[in-house]
Amino acid sequence: MAFRPRRALAVFWKDFLDLRKNVGLLVSMAVLPAVMVLVPIAVVWTYVNTPNSADLRSVAQFYDPTLPLGASAARFLIDKTLTDWFGLFLVMPVFVPILIASQSVAGEKERRTLEPLLASPVTAAELVAGKSLAALVPAVVITWVAFILFCVGVDIVAWPLVQGPLMPNALWTFGVLVIAPLFAFFGNGVAVLISARVSEARMAQQISALVVLPLVGMVGGQVAGILKAGLGFYALQGAVVLVLDAVLLVASIRLLDRERLVSRWG
Amino acid sequence: MSGIDVRGLGKRFGERVAVEGLTFHVRPGEVFGLLGPNGAGKTTTVRMLTGLLSPTEGEAVVWGHRVDRDGEGLRKVVGLLTEQPGLYERLTARENLRFFMKLHELDESKAWPRTQHYLERFGLGGREEEPVGGFSKGMRQKLAIVRTLVHDPSVIFLDEPTSGLDPESARTVRDAVAELASEGRTIVLCSHNLAEVERLCERVAVVKRRLLLMGPVRELRRSGQALDVRVDGEAERFRVALAALPFAPNVLAEGMRLRVMLEDESHAPDVLACLVGAGARVHSAVPAQRPLEEVYLDLLREEGV
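Protein chains in written order, with the working numbering: chain X, 1 to 266; chain D, 1 to 305.
Everything labelled a hint here was simulated from the structure, so no lab data went into it. Just so you know, even glycine gets a beta-carbon here, dropped at the ideal spot from N, CA and C.
Derived DSS-like pairs (lysine-lysine); straight-line CA-CA distance at most 30 angstroms: (1) D/K76 to D/K110; (2) D/K137 to D/K110; (3) X/K21 to D/K137; (4) D/K76 to D/K137; (5) X/K21 to D/K110; (6) X/K80 to X/K228.
Part of the chain X face toward chain D, derived, beta carbon under 7 angstroms: (7) K21; (8) T113; (9) E115; (10) A119; (11) S120; (12) V262.
Please work from the sequences and hints to get the whole structure.
Shown next, in the form of structure tokens:
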């Protein structure tokens, strides 16, 4: 069966339209980016406002006992926060598509719209493509907008100490432009896969959301000083996720097979 | 090949047999009733004929498309009205319909006027921009019917099309079904409303996992060898004369009507001759008809359903 982009775009059009009218979901989607942007700005602001605190030096020396006495502990901690925070920031491109894709796939079952949809000429691959686009485009756009706001916010609050722009740096630019879309694809793939197996959107969201736990765990490891994050660390994560994305894509197309969906949920 | 041609069609889900050995043909322009109790396999049959499920045995060709080989081509010529309207509630009526136009890759400038015609016909004209979430059950059902027709399908499967509709809307739907059939489309109607099936369908098939009965509605409704006769005046006057006939063991009279049970259909002229001989003026004599519902329920009783 030939892949017809027009039909995939039709699915994207409908899901995107539905998303725009789903106020509850839009509010849920806005909370996480707000937290991801405001919290690190507040942390940086705290460091900037107490640059000579002895406590800051103690914390900095916990992470780097060789920190020279003349070096600014506040500046060190700002850099460390920005590097570590990227790991948490990646939760956003994973989580937003989970919110959307769970609604769009399991939601079709809940609303009993699946059978009329499957009775149309749309193929499983077109359905996966359309629904994935409808989850990925908002997720990536939200991530990029949040990144811009994050950069502006951090630069404004850090300016008095740094006297220059801190953001965007190489890690964040590479991460947000390359790694974040891969993570978004991963979140979407997990949500599509789980949505195809469960009957309710809420259940799909709850189960899919568990995939962010390893990310949070890794950030915990960084904060505890067990893991040392950097460009290479995140690039490795991206490579692993790229492989998982390919596996999820194939599995999603297989699971969104008409026969399977109709005999189970139709 | 036009119409629907089904040969030995069957479907198993693991060990469970949902449908087996179905064989029937539906002509273009025919309204065909698919009847059966809940769980009889009607929905599974429709799903196989619309390319949603693959048969595990037999074959079916719908408007020239093999259901097991050309699902995509099949779905382009088939329209399916499911039991639940299955509409997107946050979207407007127009957006719901446009979505299906896009899925069928239609030129919306051409498809919309035809769709608009159906919207007007079903009383939804002027409601296109309203979210479907605010529609009544009947309006949703009518919109779902319009959605079934957006791509001008040649074969239409309707599952309980008048469910939730008021009598006037139900009549509009029935008229539309008849009109669609008169345009040469093949229509398969699944309904528990047997009076509606009786009015709309030329032939019906009763299924209970397998085909129990199939035939023209008129023939199925024929009540054995009985004859309904309408005479001038009180029919009771002629009952005694008819009861004397050796081949008419049972005669019922009510008002101007007589129902004569015959041992053999060939005795009908003798009945009329007897009535005329007894001084009756005969207005009409037709084979007795039973309601389809009675035929259907008797059949299921015989089958132990």
